[in-house]
Structure formats: C-alpha cells, structure tokens
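Please model the entire structure based on the sequences and the hints provided.
Here the sequence shown stands for residues 19 to 541, where the numbers follow my numbering.
The hints are simulated quantities; they were obtained by calculation from the structure and are not laboratory data. Being a predicted model, the structure only gives us computed values, none of them experimental. Certain hints may be false.
[As the list claims (entries may be wrong)] For each label pair, taking beta carbons as the anchor points, the in silico distance ranges come out as:
| no. | residue 1 | residue 2 | range |
| --- | --- | --- | --- |
| 1 | Gln360 | Val392 | 39 to 45 Å |
| 2 | Leu267 | Leu240 | 24 to 30 Å |
| 3 | Gly291 | Arg76 | 18 to 24 Å |
| 4 | Ala198 | Pro386 | 25 to 31 Å |
Each residue gets a CB set at the ideal place from its N, CA and C atoms; glycine is no exception.
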Amino acid sequence: MGDGRRPRRDRGRSLRPDGGRRRGDRRRDRKVDRGMSGEGRHRRGRAADRGTDATGLRRGLSITVILIGVFISAVDMLIVNIAFPSMQESFPTASLTGLSWVMSAYAITFAALLLPSGRWADRSGRKQVFLLGLGLFTGVSAVCAAAPSLEVLVAARAVQGVGAALMAPSSLGLLLGLFAPERRGIAIGLWTAVGGVGSAAALPLGGLLAEIDWRWVFVVNLPLGTVALLIGAWSLHRSAKERGPVPDLLGSAVLAVSVAAVVATIAQGQSWGWAGAEVAGLSAAGALGLFWTVRRALRHPAPVFEPELLRIRTIALGNVATGFFFMGVGAMALSTILFLTQVWQHSTLRGAMEIAPGPVAAALCAVPSGILAVRHGVHLVGPVGAAAFAGGGLWWTYALDGTPDFTGHFLPGSIIGGIGFGLILPALAASATLSLPPERVATGTGMASMSRQIGMAVGVSVVAAVLAGRPDLTSFRAAFLIMAGAAIVSGLALFAIGPVRRPAPTGPAAGPQPEHMTRATTR
Numbered sequence: 019m020g021d022g023r024r025p026r027r028d029r030g031r032s033l034r035p036d037g038g039r040r041r042g043d044r045r046r047d048r049k050v051d052r053g054m055s056g057e058g059r060h061r062r063g064r065a066a067d068r069g070t071d072a073t074g075l076r077r078g079l080s081i082t083v084i085l086i087g088v089f090i091s092a093v094d095m096l097i098v099n100i101a102f103p104s105m106q107e108s109f110p111t112a113s114l115t116g117l118s119w120v121m122s123a124y125a126i127t128f129a130a131l132l133l134p135s136g137r138w139a140d141r142s143g144r145k146q147v148f149l150l151g152l153g154l155f156t157g158v159s160a161v162c163a164a165a166p167s168l169e170v171l172v173a174a175r176a177v178q179g180v181g182a183a184l185m186a187p188s189s190l191g192l193l194l195g196l197f198a199p200e201r202r203g204i205a206i207g208l209w210t211a212v213g214g215v216g217s218a219a220a221l222p223l224g225g226l227l228a229e230i231d232w233r234w235v236f237v238v239n240l241p242l243g244t245v246a247l248l249i250g251a252w253s254l255h256r257s258a259k260e261r262g263p264v265p266d267l268l269g270s271a272v273l274a275v276s277v278a279a280v281v282a283t284i285a286q287g288q289s290w291g292w293a294g295a296e297v298a299g300l301s302a303a304g305a306l307g308l309f310w311t312v313r314r315a316l317r318h319p320a321p322v323f324e325p326e327l328l329r330i331r332t333i334a335l336g337n338v339a340t341g342f343f344f345m346g347v348g349a350m351a352l353s354t355i356l357f358l359t360q361v362w363q364h365s366t367l368r369g370a371m372e373i374a375p376g377p378v379a380a381a382l383c384a385v386p387s388g389i390l391a392v393r394h395g396v397h398l399v400g401p402v403g404a405a406a407f408a409g410g411g412l413w414w415t416y417a418l419d420g421t422p423d424f425t426g427h428f429l430p431g432s433i434i435g436g437i438g439f440g441l442i443l444p445a446l447a448a449s450a451t452l453s454l455p456p457e458r459v460a461t462g463t464g465m466a467s468m469s470r471q472i473g474m475a476v477g478v479s480v481v482a483a484v485l486a487g488r489p490d491l492t493s494f495r496a497a498f499l500i501m502a503g504a505a506i507v508s509g510l511a512l513f514a515i516g517p518v519r520r521p522a523p524t525g526p527a528a529g530p531q532p533e534h535m536t537r538a539t540t541r
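This is the structure in structure tokens:
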C-alpha cells in the first residue's frame with residue numbers, strides 16, 4: 019500500500035470499516051433471498067390475483083348492465099301489443115288505431131334518434147350517454163305505468179323511445195370496449211342475441227304481466243333499470259371523448275314528425291275518409307318532411323342517416339328488405355293476439371302462450387341459418403325464410419275460422435312462420451353490411467335498425483286501420499295477407515342482391531375501432 023495506489027475494492031463491496039454492503043446491494047440481496055424463499059412471489063401473486071379478480075368482477079358486471087339495457091329496450095318494442103286487450107278495458111273510449119300509437123310512438127322516436135345518439139355518445143362519452151338513456155327509460159316507465167289517459171301514455175312512450183335510442187348505440191360501443199379487437203364479433207353476436215331474446219320473450223312475458231294488469235308491463239322495468247343504473251355507475255368505464263360535428267337533432271325531429279304523419283295517415287285514413295282534408299294535409303306534410311330530411315342529410319356533416327350508403331345497391335336493397343319484413347312482423351304481432359282474444363275469446367295469458375311456439379322455432383333456427391347464409395349467401399337463404407314466414411301468414415288466412423282449434427289450425431302457421439323468421443333474420447342482418455368495410459359496419463347496422471323500427475310502426479298502423487272498422491274474420495284474414503305480402507316483397511329484395519363478396523378493410527381502419535362501431539346499432 020506504500021506505493022501510493024488506492025486499495026483495490028472487491029467488486030460489489032464498499033470501504034466501510036464493517037465491511038458491509040452498499041444499501042442498494044443489501045436491497046438486492048433481500049429481494050433475492052425473498053425470492054428464493056418464495057415469500058415475495060406469493061405476495062405479488064396474491065396482489066395480482068386480487069387485481070385480476072376485481073377487474074374480472076367489474077368487467078362481468080359491466081357486461082350484465084349493458085345487456086340488461088339491451089334486453090328491456092327490445093322487450094318494450096313488442097310487449098305492449100300483447101297488452102292491447104287489457105288496455106282497452108282501462109281506456110274504453112280509445113280506438114284500436116289510438117292504441118296502436120302506444121307502440122308506434124316508441125318506434126318512431128327510437129328510429130329517428132338512433133344514429134345521432136351514437137354520434138353524441140362519441141362526443142360526450144358512452145358511459146354518460148348510456149346511463150342517461152337508461153335513467154330516462156326507467157324513469158319514464160313509471161310514468162307509463164301510472165298514465166291516467168291514453169294521451170299521457172303515448173307521450174310517455176315517445177320519451178321512452180328517446181331513452182332507448184340513447185342506450186342502443188352507446189351500449190354497443192361499451193360492450194365492444196370490453197372485448198379484444200379479434201373477439202369483437204363475439205360481442206356483436208352477444209348484443210344481437212340478447213336483443214333477439216328480448217323480442218321473443220316479449221309476447222309470453224307480456225301475456226303473463228297483462229293478465230295481472232297492463233301497467234305491470236312497465237312496472238317490471240323499474241327494478242331492472244334501477245339496479246342496472248346503480249351498478250353501471252360504478253362498473254362501467256369512461257370512454258375517450260371525440261371531436262366531431264354536432265349531430266343533426268333538427269333533422270331527427272323532422273324525420274320523427276314526418277314518419278308520424280305518414281303513420282297517422284295510414285292509421286286514421288279510414289275513419290277520417292281517404293279523400294278528406296286531414297288525410298291530404300298529413301300526407302303532404304309527411305312527404306315534404308321526408309324530402310327535406312333527405313336533402314338536409316346530403317349536406318349535413320353528421321346527418322340523421324347517411325344517404326351515401328344507400329347509393330350502394332346491396333345496402334339499399336337490404337334496407338328495403340328489412341323495412342318490409344318488419345312491417346310483416348308488426349302486422350303479425352298485433353293481428354295474432356287480437357284474433358286469439360277477440361275471435362276465439364281466449365285470455366291474454368293463454369293467447370300469449372299459444373303464440374310462444376313461433377318465437378321458440380325462430381330461436382332454434384337462427385344459429386344454423388346464420389351458418390347457411392355465410393355458406394350459400396343471403397340472396398338464397400333469406401328468400402327461403404321470407405317464403406316460410408309468408409307461408410305462415412297464408413296458412414292462417416285459409417285455415418283459421420271462428421271455431422277454436424289451436425293444434426290443427428293455429429300452431430302449424432306459428433311454427434312455419436317462426437322457422438321463416440329464424441331463417442331470414444341473420445340474412446337481413448348481414449345484408450345491411452355485406453358491401454361495407456369493417457369500419458362502416460356499425461353505421462350500416464344502425465341504418466337497418468332504423469328501417470326495422472319504421473317498418474314495425476307502419477305494419478302495426480296498417481293492421482290497426484284494417485281491424486278498427488270491423489274486427490271480424492274477413493278483416494283478420496286481410497291482416498294475415500298483409501303479413502304475407504310484406505314478407506314476399508322482403509324476400510324478392512334479398513334475392514335481387516345476388517352473391518356479394520365482403521370488401522377487405524382499408525387503411526388504418528383495418529383493425530376494428532370502437533369509436534367507429536358506436537355510431538350505430540341493431541334491435
């Protein structure tokens with residue numbers, strides 16, 4: 019050491035008199051020792067498990083809340099039809115055409131606000147818009163249940179349709195955000211399936227509730243909606259807000275009023291007189307309003323619907339097919355329950371149970387028909403389903419009479435029509451998006467949903483007008499023919515699509531983006 023050189027340190031050692039290790043070295047040693055003993059690994063594992071469990075619980079609750087919203091909004095579209103006989107007892111001065119507005123008001127506002135609500139969810143946050151829609155839907159259900167008059171009930175149903183429109187696109191966006199990009203097809207399938215189950219469950223559930231009192235049709239929404247609202251406020255994650263043009267609320271309002279004018283013309287034309295001033299005025303107002311809405315949509319940066327998609331032949335024909343088919347569904351849903359309760363004098367509950375085999379057959383056929391549509395094309399599978407649905411209507415037209423015979427006369431038509439419904443539904447869903455790249459799929463689906471709601475409202479109003487004057491066997495046969503005719507037009511439109519190859523994604527949109535997917539929905 020006398021040569022003046024500093025003593026050489028042992029690597030990793032300090033010159034402390036006690037020969038101790040540096041603080042950092044001691045920490046590393048403790049970590050190594052702890053790791054060797056397994057204590058640290060177990061602690062970290064337990065912490066990670068707790069975090070994973072919490073995340074899994076929150077995700078599961080979020081999915082449940084979203085699907086509750088989808089379910090109750092789908093149920094409320096058709097559940098009121100089954101309650102019409104009970105409603106007539108509470109509002110004895112109301113006509114059938116007046117009662118039809120309980121369904122039509124909901125469908126019209128739902129359709130008119132569907133796409134703008136999706137854009138608003140992108141701008142303001144999907145969680146906020148979904149919870150607002152769920153809260154509005156649930157709160158107005160209480161108003162519907164307590165409605166002292168038909169006018170109050172119809173107005174409340176229109177507001178309830180606004181709540182459903184707020185929920186629908188934001189629910190799809192929230193659900194997609196809970197799945198990895200490569201699994202978003204599962205999310206869309208789950209979302210669609212729950213909506214379908216809700217529609218199928220509406221008739222038997224409505225019959226059970228209406229047997230107690232028609233007001234229970236709306237009361238049942240209160241506990242479901244309240245629980246979902248409370249859990250969703252905690253479990254749902256906030257989404258990033260996007261910049262973009264303000265949705266066209268004026269266009270939505272004009273569209274709703276215009277469609278309502280057309281529906282009113284159809285529903286009230288017989289009582290007012292088809293040559294009367296009221297019919298002429300409403301027809302002109304509806305036509306001008308629809309024309310103005312289309313012109314505005316061509317220029318607005320965030321229109322109520324996207325007219326450029328309708329320039330695509332496949333999309334245009336798919337929307338025509340969807341609108342006409344659900345016109346037939348609306349005709350079927352109203353005419354069957356009224357026939358069973360008014361002509362055969364069955365109770366509402368018994369009538370609902372007699373209708374139930376049709377939705378069961380539809381549910382059993384939906385999955386295999388989706389596979390067939392992918393394999394053979396919607397232009398082949400869809401028309402077969404339309405023909406079967408029309409066949410159910412034609413069976414009822416010629417088989418039903420004033421003598422009750424459920425097994426021999428009503429059930430075959432219900433099964434045939436249900437099979438047709440299950441066959442055509444996946445084809446209609448696919449036809450709305452066949453020619454679109456993945457980033458436009460949700461918008462195409464949303465436009466098809468608009469066509470569905472409007473078609474349903476028109477179908478109910480047409481049948482209400484047919485049955486309002488004289489609800490006898492001849493009138494019901496005319497209603498079943500309307501069901502069959504609308505389905506045939508739908509099948510022809512699907513057949514005209516022909517074989518279509520889905521386009522590949524382009525540019526950065528090749529990976530599905532949640533923000534694109536939230537701008538529309540399907541019910």
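Here is how each hint holds up against the structure:
Between Gln360 and Val392 the beta carbon distance is about 42 Å. The supplied range of 39 to 45 Å therefore holds. About 28 Å separates the C-beta atoms of Leu267 and Leu240, a value consistent with the hinted range of 24 to 30 Å. Checked against the hint of 18 to 24 Å, the C-beta distance between Gly291 and Arg76 comes to roughly 60 Å, which is inconsistent with it. In this structure the supplied range 25 to 31 Å holds for Ala198 paired with Pro386, their Cβ-Cβ distance being about 27 Å.
Going through the hint list in order, the structure does not satisfy hint 3, though it satisfies all others.
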